[in-house]
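K.L.:
Since the structure of chain H is provided, determine the placement of chain Y on it from the hints.
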Amino acid sequence: MAWQWFHRLGSPKWFYEKTNAWMPWLLSISLLMIVSGSIWALGFAPMDAKQGNSYRIMYLHVPASIVAMAAYYVMAVAGAIGLIWKMKLSYMVMKVAAPIGAVLTAMALFTGAVWGKPTWGTYWVWDARLTSVLILLFLYLGVIALQEAFREQEVADKASAILSLVGTVNIPIIYKSVDWWFTLHQPASIKMTSSSIAPEMLYPLLGMITGFYIFFTWALLAATRSEILQREMKTNWVKHALLNKV
Amino acid sequence: MSQPRPDSAIANRPERTGNAFLATLRRDLKLAIRHRGELANPLIFFLLVITMVPLGVSPSPKTLAILAPGMLWVVALLATLLSLDGLFRSDFDDGTLEQLLLSPQSSYINVLAKVIVHWLTTGLPLTLIAPLLGVMMSLPEAGYIPLVLSLLLGTGSLSLIGAIGAALTVSLRKGGLLLSLIVMPLYVPVLIFGSSGVRAAIEGFAYNTQLAVLGSFLALAIIAAPLAIAGALKMSVNN
Chain H
1 MAWQWFHRLG SPKWFYEKTN AWMPWLLSIS LLMIVSGSIW ALGFAPMDAK
51 QGNSYRIMYL HVPASIVAMA AYYVMAVAGA IGLIWKMKLS YMVMKVAAPI
101 GAVLTAMALF TGAVWGKPTW GTYWVWDARL TSVLILLFLY LGVIALQEAF
151 REQEVADKAS AILSLVGTVN IPIIYKSVDW WFTLHQPASI KMTSSSIAPE
201 MLYPLLGMIT GFYIFFTWAL LAATRSEILQ REMKTNWVKH ALLNKV
Chain Y
1 MSQPRPDSAI ANRPERTGNA FLATLRRDLK LAIRHRGELA NPLIFFLLVI
51 TMVPLGVSPS PKTLAILAPG MLWVVALLAT LLSLDGLFRS DFDDGTLEQL
101 LLSPQSSYIN VLAKVIVHWL TTGLPLTLIA PLLGVMMSLP EAGYIPLVLS
151 LLLGTGSLSL IGAIGAALTV SLRKGGLLLS LIVMPLYVPV LIFGSSGVRA
201 AIEGFAYNTQ LAVLGSFLAL AIIAAPLAIA GALKMSVNN
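Heads up: the protein sequence lines correspond to chains H and Y, in order.
With the numbering used here as the guide, the letters of the first sequence map in order to residues 1 to 246.
With the numbering used here as the guide, the letters of the second sequence map in order to residues 1 to 239.
Bear in mind the hints are in silico, worked out from the structure with no lab data behind them.
All figures in this text were calculated on a predicted structure; none of them were measured in a lab.
Do not rely on the hints blindly, as some may be mistaken.
[Unchecked claim] SDA-like cross-link-like pairs, simulated, lysine to any residue; straight-line CA separation at most 25 Å:
no.: 1; chain 1: H; residue 1: LYS176; chain 2: Y; residue 2: LEU227
no.: 2; chain 1: H; residue 1: LYS176; chain 2: Y; residue 2: MET184
no.: 3; chain 1: Y; residue 1: LYS174; chain 2: Y; residue 2: LEU82
no.: 4; chain 1: Y; residue 1: LYS62; chain 2: Y; residue 2: SER138
no.: 5; chain 1: H; residue 1: LYS176; chain 2: H; residue 2: LEU165
no.: 6; chain 1: H; residue 1: LYS176; chain 2: H; residue 2: MET107
no.: 7; chain 1: H; residue 1: LYS86; chain 2: H; residue 2: TYR73
no.: 8; chain 1: H; residue 1: LYS176; chain 2: Y; residue 2: THR209
no.: 9; chain 1: H; residue 1: LYS88; chain 2: H; residue 2: VAL74
no.: 10; chain 1: H; residue 1: LYS88; chain 2: Y; residue 2: VAL237
no.: 11; chain 1: Y; residue 1: LYS234; chain 2: Y; residue 2: GLY215
no.: 12; chain 1: H; residue 1: LYS117; chain 2: H; residue 2: LEU130
no.: 13; chain 1: H; residue 1: LYS88; chain 2: H; residue 2: ARG8
no.: 14; chain 1: H; residue 1: LYS86; chain 2: Y; residue 2: SER107
no.: 15; chain 1: H; residue 1: LYS86; chain 2: Y; residue 2: PRO140
no.: 16; chain 1: H; residue 1: LYS239; chain 2: H; residue 2: ALA222
no.: 17; chain 1: Y; residue 1: LYS234; chain 2: H; residue 2: ILE81
no.: 18; chain 1: Y; residue 1: LYS234; chain 2: H; residue 2: ILE144
no.: 19; chain 1: Y; residue 1: LYS234; chain 2: Y; residue 2: SER138
no.: 20; chain 1: H; residue 1: LYS176; chain 2: Y; residue 2: VAL237
no.: 21; chain 1: H; residue 1: LYS176; chain 2: Y; residue 2: ALA224
no.: 22; chain 1: H; residue 1: LYS117; chain 2: H; residue 2: MET47
no.: 23; chain 1: Y; residue 1: LYS234; chain 2: H; residue 2: MET201
no.: 24; chain 1: Y; residue 1: LYS234; chain 2: H; residue 2: LYS50
no.: 25; chain 1: H; residue 1: LYS239; chain 2: H; residue 2: GLY10
no.: 26; chain 1: Y; residue 1: LYS62; chain 2: Y; residue 2: PRO140
no.: 27; chain 1: H; residue 1: LYS176; chain 2: Y; residue 2: LEU220
no.: 28; chain 1: Y; residue 1: LYS234; chain 2: Y; residue 2: ILE109
no.: 29; chain 1: Y; residue 1: LYS174; chain 2: Y; residue 2: LEU31
no.: 30; chain 1: Y; residue 1: LYS174; chain 2: Y; residue 2: GLN99
no.: 31; chain 1: H; residue 1: LYS88; chain 2: Y; residue 2: ASN239
no.: 32; chain 1: H; residue 1: LYS86; chain 2: Y; residue 2: ALA224
no.: 33; chain 1: H; residue 1: LYS88; chain 2: Y; residue 2: ASN238
no.: 34; chain 1: Y; residue 1: LYS174; chain 2: H; residue 2: GLU154
no.: 35; chain 1: Y; residue 1: LYS234; chain 2: H; residue 2: GLU148
no.: 36; chain 1: H; residue 1: LYS88; chain 2: Y; residue 2: LEU227
no.: 37; chain 1: H; residue 1: LYS176; chain 2: Y; residue 2: ILE223
no.: 38; chain 1: H; residue 1: LYS50; chain 2: H; residue 2: MET201
no.: 39; chain 1: H; residue 1: LYS13; chain 2: H; residue 2: ILE84
no.: 40; chain 1: H; residue 1: LYS86; chain 2: Y; residue 2: LEU227
Pulled out of the complex, with its shape left as it was, chain H reads as follows:
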């Protein structure tokens, strides 16, 4: 009994119908949190003593980086579930998580570069964190490219699942080595203000992070739902679902 929901997840139809009602809620809550968090962060949070107003891009940069990292684990875990239990739905989640994660990673890199210009005086430095986020982007692009390369969906799913699992084993190693490489070769002069963050700055940040997580959940579900429709195109329930909507 306890495992019934897990077995039900094997049915794309059940998932599609179940998530139907959640979608507007997820979207409106996440947009509410992101919009109000942005207003709070941009208008009311205090100015940073050293960086002035430029630090405010942190409110986009930090959530994007955190969720970009989490998205990789969502992708890898979904891939592992697909390989172990041969669950169609979980392969679909894995497939759609890759582009979303790649976009978030690119956003983290871009906002980091914009933030870097006023604080470090340059758009790009070979800092340990920047480098590892760049490599994370390459890992995402590899999974997407592999997914695109196969004609048969089933093989593409298995191949990208194996690759994302291999990537998962490697991510901590890559992070640690880049960290070690950085401390060995670069002077640590361009550190961000390391003092702990003031609560008036922290609360809008936490709001933004939560908003980003919920938005990611919404995007993941929305993309999975359209992937379900695409793959189950020939079944009757999809035809019914689409006809009823129009």
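P.N.:
Using the frame of chain H, we list chain Y on its own:
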């Protein structure tokens, strides 16, 4: 009296696994030696790219000495990468791979044997020729021993990790570029520790930390990579 089935008899005798390992090793080595021209290709590539560096950057020994550890490592990595596409290709095309995976011996062992042959025919020659290219790149004297040792340990990991990518893309007609794309990010740690070991030695520091880390990468890769390779090959063969 009924005879035991021959295949189960083989599977039940543990020493046969070792025999299968040796048989795959011997077969692949023989095949590699019969295609002598292909053996030299990664080495010629290594030599050519290293020749490009003074032509493109500067022939001054001072500049080259700064670049040497990193360049030698990066080019050795690229040479390994280029050789990977052929690792399972011909066996996949003629069906040998399928038989190998169907055989009663563990595919872990067979895959490991194939990767070891790949290392013996690319990683090891690259390691042995590296000091010569070090002379051309005016590598300082203290760098030679760490260069050879780090390449010796590191190219093993490169072969093992790269074979995962080769196994994933073997069923694709044009897998070469894609293979480099998915494997290169995974090579980052090996490159970092390999070239920094050489640089540390040149600057007069101890380099045994870097060698130890490279050794641990190799140990981890020997344990884990054949599992992923075998899984990926099964997927490719069923395609």
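K.L.:
If a hint holds in the structure, say so; if it does not, say that too.
P.N.:
Checked hints:
Distance check on the hinted pair: H:LYS176 and Y:LEU227 sit about 24 Å apart at the alpha-carbon level, within 25 Å; holds. Between H:LYS176 and Y:MET184, the direct Cα distance comes to roughly 17 Å. Compliance with the 25 Å bound is thereby established for this hinted pair. Proximity of Y:LYS174 to Y:LEU82 is assessed by CA-CA distance (about 13 Å); at most 25 Å being required, the pair is judged to hold. For a cut-off of 25 Å, the pair hint linking Y:LYS62 to Y:SER138 stands: about 8 Å separates their Cα positions.
A threshold of 25 Å between alpha carbons decides the hint, and for H:LYS176 with H:LEU165 the separation of about 18 Å falls inside it, so the pair holds. Note on H:LYS176 and H:MET107: the hinted pairing holds, with a Cα-Cα distance of about 23 Å set against a maximum of 25 Å. With a C-alpha separation of about 19 Å, the suggested pair H:LYS86 and H:TYR73 falls inside the 25 Å cut-off, and the hint holds. Proposed proximity of H:LYS176 and Y:THR209 is supported: the alpha carbons are some 14 Å apart, at most 25 Å.
For a cut-off of 25 Å, the pair hint linking H:LYS88 to H:VAL74 stands: about 15 Å separates their Cα positions. The straight-line distance between the Cα atoms of H:LYS88 and Y:VAL237 is roughly 21 Å, inside the 25 Å bound, and the hint therefore holds. For the hint pairing Y:LYS234 with Y:GLY215, the CA-to-CA distance comes to about 29 Å; that exceeds 25 Å, so the pair is violated. This hinted pair checks out: H:LYS117 and H:LEU130 have alpha carbons roughly 14 Å apart, not beyond 25 Å.
With a CA separation close to 12 Å, the supplied pair H:LYS88 and H:ARG8 stays within the 25 Å bound. Under the criterion of a C-alpha separation no larger than 25 Å, the hint pairing H:LYS86 with Y:SER107 is consistent with the structure, at around 22 Å. Among the hinted pairs, H:LYS86 with Y:PRO140 is inconsistent with the structure: their alpha-carbon atoms are about 55 Å apart, more than 25 Å. Between H:LYS239 and H:ALA222, the direct Cα distance comes to roughly 18 Å. Compliance with the 25 Å bound is thereby established for this hinted pair.
Between Y:LYS234 and H:ILE81, the direct Cα distance comes to roughly 18 Å. Compliance with the 25 Å bound is thereby established for this hinted pair. Straight-line distance between C-alpha atoms of Y:LYS234 and H:ILE144 comes to about 21 Å, which keeps the hinted pair within the 25 Å bound. This hinted pair does not check out: Y:LYS234 and Y:SER138 have alpha carbons roughly 46 Å apart, beyond 25 Å. Proximity of H:LYS176 to Y:VAL237 is assessed by CA-CA distance (about 35 Å); at most 25 Å being required, the pair is judged violated.
Under the criterion of a C-alpha separation no larger than 25 Å, the hint pairing H:LYS176 with Y:ALA224 is consistent with the structure, at around 19 Å. Proposed proximity of H:LYS117 and H:MET47 is supported: the alpha carbons are some 18 Å apart, at most 25 Å. As the CA atoms of Y:LYS234 and H:MET201 are separated by approximately 52 Å, the hinted pair breaks the 25 Å bound. Between Y:LYS234 and H:LYS50 the alpha-carbon distance is near 57 Å, which puts this suggested pair outside the 25 Å criterion.
Note on H:LYS239 and H:GLY10: the hinted pairing holds, with a Cα-Cα distance of about 20 Å set against a maximum of 25 Å. The straight-line distance between the Cα atoms of Y:LYS62 and Y:PRO140 is roughly 10 Å, inside the 25 Å bound, and the hint therefore holds. Restraint check for H:LYS176 and Y:LEU220: the C-alpha separation of about 15 Å stays at or below 25 Å, so the hint holds. Distance restraint check for Y:LYS234 and Y:ILE109: the Cα-Cα separation of roughly 14 Å lies within the 25 Å cut-off, and the hinted pair is therefore satisfied.
Proposed proximity of Y:LYS174 and Y:LEU31 is supported: the alpha carbons are some 23 Å apart, at most 25 Å. Between the alpha carbons of Y:LYS174 and Y:GLN99 the distance comes to roughly 24 Å, so the proposed pair stays at or under 25 Å and holds. Between H:LYS88 and Y:ASN239, the direct Cα distance comes to roughly 17 Å. Compliance with the 25 Å bound is thereby established for this hinted pair. Using a Cα cut-off of 25 Å, the hinted pair H:LYS86 and Y:ALA224 holds, with the two alpha carbons roughly 22 Å apart.
For the given pair, H:LYS88 sits about 18 Å from Y:ASN238 by alpha-carbon distance, which is consistent with the 25 Å threshold. Taking the CA atoms of Y:LYS174 and H:GLU154, the gap is about 19 Å. The hint holds against a cut of 25 Å. Restraint check for Y:LYS234 and H:GLU148: the C-alpha separation of about 20 Å stays at or below 25 Å, so the hint holds. Among the hinted pairs, H:LYS88 with Y:LEU227 is consistent with the structure: their alpha-carbon atoms are about 23 Å apart, no more than 25 Å.
At most 25 Å may separate the alpha-carbon atoms for a hinted pair to count; H:LYS176 and Y:ILE223 meet this at roughly 20 Å. Among the hinted pairs, H:LYS50 with H:MET201 is consistent with the structure: their alpha-carbon atoms are about 14 Å apart, no more than 25 Å. This hinted pair checks out: H:LYS13 and H:ILE84 have alpha carbons roughly 21 Å apart, not beyond 25 Å. A threshold of 25 Å between alpha carbons decides the hint, and for H:LYS86 with Y:LEU227 the separation of about 18 Å falls inside it, so the pair holds.
Hint compliance for this structure: hints 11, 15, 19, 20, 23 and 24 are not met, and every other hint is.
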